[in-house]
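Sequence order for the protein chains is G and L.
If you count by the working numbering, then the first sequence holds residues 105 to 271, one letter each, in order.
If you count by the working numbering, then the second sequence holds residues 5 to 511, one letter each, in order.
The reader is advised that the hints may include incorrect statements.
Claimed, not checked - Restricting the straight-line Cα-Cα distance to at most 20 Å, the calculated cross-link-like pairs of lysine to any residue (SDA-like) are: (1) G:Lys-215 x L:Leu-185; (2) G:Lys-115 x L:Ser-460; (3) L:Lys-398 x L:Val-332; (4) L:Lys-478 x G:Lys-137; (5) G:Lys-137 x L:Glu-461; (6) G:Lys-123 x L:Arg-477; (7) L:Lys-478 x G:Arg-202; (8) G:Lys-117 x G:Lys-215; (9) G:Lys-215 x L:Met-187; (10) G:Lys-137 x L:Ser-460; (11) G:Lys-180 x L:Asp-347; (12) G:Lys-212 x L:Pro-383; (13) G:Lys-243 x L:Asp-349; (14) L:Lys-398 x L:Thr-308.
Just so you know, these hints were derived from the structure itself, not from any lab.
Here the structure is a predicted model, which is why all the values come from computation and not from measurement.
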Amino acid sequence: MNYVATIGERKVKVTVEAKSGSDYEVTIDGIRKIVNASRVADHLWSILHGNESVEADVFQLPGEEFEVLIEGDRHKFSLMNEQQRAMLRPDGKGTTGRALILSPMPGKIVKLLVEAGQEVGANHGLIVVEAMKMENEIKSSGAGRIAEIYVKEGDVVESGAKLLLVE
Amino acid sequence: MFRKILIANRGEIAVRVLHACREMGIPTVAVFSEADRTALHTRYADEAYCIGPAPAPESYLNIDRIVDAARKSGAPAIHPGYGFLAENPLFAERCEKEGIKLIGPSAYAMRTMASKTLARKTVLSAGVPVVPGTLEPISKDEEVLQIAQEIGFPVMLKATSGGGGKGMRLVKDASELQSSLRMARSEARSAFSDDSVYVEKYIESTRHVEIQILGDQFGNYVHLCERECSIQRRHQKVIEESPSVIITPEIRAAMGKVAIEAARAVQYEGAGTCEFLVDPSRNFYFLEMNTRLQVEHPVTEMVTGIDIVKEQIRLATGEKLTVRQEDVKQSGHAIECRIYAEDPDRDFIPCPGLIASMRTPAGPGVREDSGVYEGFEIPIHYDPIISKLIAWGKDRTEAIARMKRALSSYVIMGVKTTIPFHLRVMSNPQFIEGNFDTNFINGEFFNEKEVRKPASEESALLAAAIHLYEEERKRAANHVSGDAAEPVSMWKHSTRPGVPGNWRVRR
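Here chain G stands alone, though its shape is the one from the complex (with noise of 0.2 Å):
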């Protein structure tokens, strides 16, 4: 099977084939490798490479998002089945110039710091969300004007829930 994954900007070919008992042949960025995965737990694979021994929990996101954890070291990407990535290619997500602001976390809006129409610059505060006790004032990342407002203080809003739009 042939995937892409997205690390950063960079994209990375990987193949993955099944072999006898638990190895399996894989390709990255085309060196091929074999290796012995075994499935430890649902998210815990204990790899072999030769006699090198890894251990890696392994999460789907949301989305073709990865999260990898080996030794402490959280690694984050995507990857996606390359027929999978064709399918998506038409739709181009292209917002550029605008800014739409996202809760970064689940929280209540404690305060909006401006107005529908308002112009401001960069690094301006938007807005105050509260989550565990702890004010957090979510800044504009560049210049512009206040678009649309999606939510009135003292609502309660999940983690990426749309906030504010910036133009």
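For this one, chain G is given, so just place chain L on it according to the hints.
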């Protein structure tokens, strides 16, 4: 001894107190909010009483409900843990009135120390040095500006009723004052129902060192030496250790004496902590007294061998202090890392959620005080602390090595945690040398962005690709057998590669 103890708290500290009660053979009562029905402390206690909805003011801060649970369960004593009602004099008074022993100091001691301004005045008159600043709370914004200009920027704004880093802001110049004041007041109002603040001179390059004390009801005191707590984010400690590399035996003795004076000034009873700022010339200033068990108490327990929670319980029953000052010795070195559900790469913002997978470290010199488990959803309503990892070694070098080893085998998936941050600190040359102050995280020592590519990246790709490959094969197989629509619980795969389907776990 108490025939039963109610623990008016949740999370890791409730579990910690439950451990002590169990070891002492004392039956336990947990209280829990609706969000904590399946929390570890609810499951672990002998009895558990629901005290209301998830928001803390309706449950863990609700004095009536907690007193009611104590009455119903017949518990003659309450351990408040830290946070919530632990330093609330109203709660202490109510317990006194109800004939319930609150395991901690008197309402009077709490009230004096809870008001940071009153505490400063009280200890100052007992001859304890304090940080320059106002001795009275200030209500008018213009007055804050005026005083800040008199003292000279930078200044610290602090909530009069503050603690735990909440309602506290560093103000570098006058232009920042208004927004900082607003945030400090707003945080103080929601955390302590009191938005008054006071102003302290900000002393540069200080370290935060605190002294643990124990006192009985007969005026006997000992101190259990210091804890170094300079590694902080948002004025909250994240790494603590004992001993501190900068504290000499002479300074230790002097600080210990001053801490005992401060405790004596309020007839303090039980376990308490005096916090100090230590400047580069090793002058120390009283900051505040915490009239409760501290989050970081385990490092003291590891080096002194004294179980502070059990001592609290014994002292609360009216027993005399049996620990003598000359018996208190720091043996080896202990470090604690607080593991929070926070994203260290995004300014430590809280990341509550489901703990999808969890494996905790063990082995020589490692202690893990935890309040969660795999499958538990960390609620958004409370502090984001998951657990505390404590490593002990014969010296600081060994303690750091053990901490690194333990952190790198500590697996928590599903929520972001501060584990990667702690691993960075444990490898930081300045930290290893012991050369740091309270600005470590924001300051020069730590502001280099991490641009390394961990050596394990290829293994990570490989593991994820094999995992996805197997998941796709499983889906395809399900599809063929017509089971495609049936959701498979991530906890309950009955068959795994290499494990025959008819195997059962033996009980």
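Hint check:
| no. | hint | in the structure |
| --- | --- | --- |
| 1 | G:Lys-215 x L:Leu-185 | 15 Å, holds |
| 2 | G:Lys-115 x L:Ser-460 | 17 Å, holds |
| 3 | L:Lys-398 x L:Val-332 | 17 Å, holds |
| 4 | L:Lys-478 x G:Lys-137 | 23 Å, violated |
| 5 | G:Lys-137 x L:Glu-461 | 15 Å, holds |
| 6 | G:Lys-123 x L:Arg-477 | 14 Å, holds |
| 7 | L:Lys-478 x G:Arg-202 | 41 Å, violated |
| 8 | G:Lys-117 x G:Lys-215 | 46 Å, violated |
| 9 | G:Lys-215 x L:Met-187 | 11 Å, holds |
| 10 | G:Lys-137 x L:Ser-460 | 16 Å, holds |
| 11 | G:Lys-180 x L:Asp-347 | 14 Å, holds |
| 12 | G:Lys-212 x L:Pro-383 | 13 Å, holds |
| 13 | G:Lys-243 x L:Asp-349 | 16 Å, holds |
| 14 | L:Lys-398 x L:Thr-308 | 13 Å, holds |
Checked against the numbered hints listed earlier, the structure breaks hints 4, 7, 8; every other hint is satisfied.
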